[in-house]
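Colleague: Chain residues, written in single-letter form:
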Amino acid sequence: MQFLADFLPAGVAMHAPALIVVIPLIAAALAALMPNGRVAWIVALLTSAAVALLSLNLLGQVISEGVVSYHMGGWAPPLGIEYRVDMLNVALLLLVGFVGLLCVIYALPSVGDEIAENKQALFYSAFLVCFAGLLGVTITGDAFNVFVFLEISSISTYVLIAMGAGKDRRALTASYNYLILGTIGATFFVIGVGFLYMATGTLNMADMAAILEANGHNRVTQAAFAFIVVGLGLKAAMFPLHVWLPNAYAFAPNFVTAFLASTATKVAFYALIRFLFSVFHPDVSFVEMSFVWLFAVVGTIAMVVASLQAVFQTDARRLLAYSSVAQVGYMMLGLGMGTASGLSAGLLHLMNHALMKGALFMALGAFALNFGVRRVKDLAGMGKTMPASAMAFTIAGLSLVGVPLTVGFTSKWYLVTAALERGWWWAVAALMLSSLLALAYVARLLSAIWMDSPPSHHGELMQRRLAPWMVLVPMSILALANIYFFFHADPLVWLARAAADAVMGGH
Amino acid sequence: MSPHLILRVVAKLLIPLIVVFGFYVQFHGEYGPGGGFQAGVIIAVAVILYALIFGIDAARRTVPPVAVRFGAALGVLIFAGVGIATLFMNGAGEPLNYLDYDALHPDQGHHTGQHYGIILIEIGVLTTVSSVMLAIFYAFAGRVPDIPDEEW
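Top to bottom, those sequences are chains B and F.
Take 271 as the starting number for the first sequence in the numbering used here and just add one per residue.
Take 250 as the starting number for the second sequence in the numbering used here and just add one per residue.
Excised from the complex, chain B in its bound form (with noise of 0.2 Å):
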């Protein structure tokens, strides 16, 4: 592993940590003042390619010399803001730099269908900044830093989703309704770490955490403890903070529906094991406490009460999201097993998520590129017009029920592994439970698309039509993986477990 540490020149290697925030927002700012969409989506485009490249150097670096730590302008933590990479988030870094990249490739056809030619310049600026806000979150060890990058990639992503008014108003209220909540969100995330810095006086995580562990817990504590994991749990769309989710995935932009789905609420997700972890120590009794009263049963809840909901829904986009919603349940039930191997499966599951709803929403996207189809009914003959999308789309849907060879399989293996390390019988029949309800829904939608004749038009079937090659490649490479890390499981199986362990670490 020691070559991804040093392919990139050691002047560039050394400031990795800082570039990977900063490159995007520079970007951005660039993009702006690009003249047309084409000129603005080779820059986002670059700029991801950079990105991919820096969190793989990263990973070389973390690998070789453990965590990594950059001081912003110099100024030593805990007085200055720390960059701190480990094993944990130097894995968020690898999925939302990789995703991002293939998101990207995916967007100019896309793009160019769904967003007028005047506003695309600006939109690739919104989706850097979005991009550079999500890296900021996963980078920083700094916990009001957290809040600065949550609200850089939450205030882009409403204009994102707002973007999608040019084929569907209802976008509009989609992104107000999302505006509000995740406003509400970031109110009570902050008032979290403002408690959380009354109580310590420091806002450096780390340094947090020891003050914290040597003077103990008080009412303060537990107050901040609360109000963060609500903040963050409205941002990742944990069961009953979810009802954002659905609208605003339905109605953004296909591209912009594939990019936050895979990435957006993990990199939540990815804050809420930060704090519960690294900040709050999970054996203090409040924290344990919440493991399994909270997130356990949240998690366990929202895994069948959300897939239910996603089978009776018309639209495409609209059952996935109620998917996603429920597939955070799997990961919150990992997290609430409190142990290594509990939360590594989630981590796992997060990670195995991002590539079956990545390639699903690609494909829904060249779905609505070709024939502007959104809802599941006109989904019909898609195996016969479009089969090379509508294979992806059949693994990805396969691999989110969790069908062996393919990926999901794998996640909810380890899932239940860990249930059952810890005893916890009822949390494997609701695992089979939500599988099966996954089943039925992704069997509507597969019905649809292979069983089903090609809609007649002045009584000629609809003729085959492929999607672009910039549509086709990026969703088959994210096809493709979820059976290729079946088969080679050990990469990303051993990343969650390092991942796990970064923060179980000491104990």
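Since the hints were derived computationally from the structure, they do not count as laboratory data.
Careful, some of the hints might be misleading.
[Stated by the list, open to error] Quick list of in silico lysine to any residue cross-link-like pairs, SDA-like style, CA-CA up to 20 Å:
#	chain 1	residue 1	chain 2	residue 2
1	B	Lys389	F	Glu399
2	B	Lys389	F	Ile385
3	B	Lys647	B	Gln579
4	B	Lys389	F	Pro313
5	B	Lys647	B	Phe561
[As the list claims (entries may be wrong)] In silico negatives: residues of chain F with every beta carbon more than 12 Å from chain B:
#	residue
6	Arg257
7	Ala260
8	Gly278
9	Glu279
10	Ala307
11	Thr361
All residues carry an ideal CB built from backbone N, CA and C; glycine is no exception.
On the provided structure of chain B, position chain F as indicated by the hints.
Modeller: Showing chain F alone in chain B's frame:
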């Protein structure tokens, strides 16, 4: 004869003063209350006042929306560019971190570099904030209502 003669004369007197006060807040930012953000808002206010008194079209001719868009991006580039510049200007042979202002004036010790750095990034903040304030104002003021006013 313009119906708002007094308003126009007073506004013409006030606008330069507002801009000067904006720059005072900007360059006094490190010593007293103020800084790039407040200064940016004050300078944008001068243009907004101009638009309120002389009309949005006159303001658009003075500060075109294209310039506003350019300014919003330029400010970010100045701020982030200072950080990038410090990466290349290794102070006294020591590699320095992103936004480490010491690199900006390595000869005269810590304080001069920090001083330069804060002024440079505040100029970036000023540019972006005043541009964005104007962009928001233009967006609201220039919006054509879905239903014309006469039809209410």
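Colleague: Determine for every hint whether it applies to the structure shown.
Modeller: Here is how each hint holds up against the structure:
no.	hint	in the structure
1	B:Lys389 - F:Glu399	violated, 31 Å
2	B:Lys389 - F:Ile385	holds, 16 Å
3	B:Lys647 - B:Gln579	holds, 17 Å
4	B:Lys389 - F:Pro313	holds, 18 Å
5	B:Lys647 - B:Phe561	violated, 40 Å
6	Arg257	holds, 35 Å
7	Ala260	holds, 31 Å
8	Gly278	holds, 17 Å
9	Glu279	holds, 15 Å
10	Ala307	holds, 24 Å
11	Thr361	holds, 15 Å
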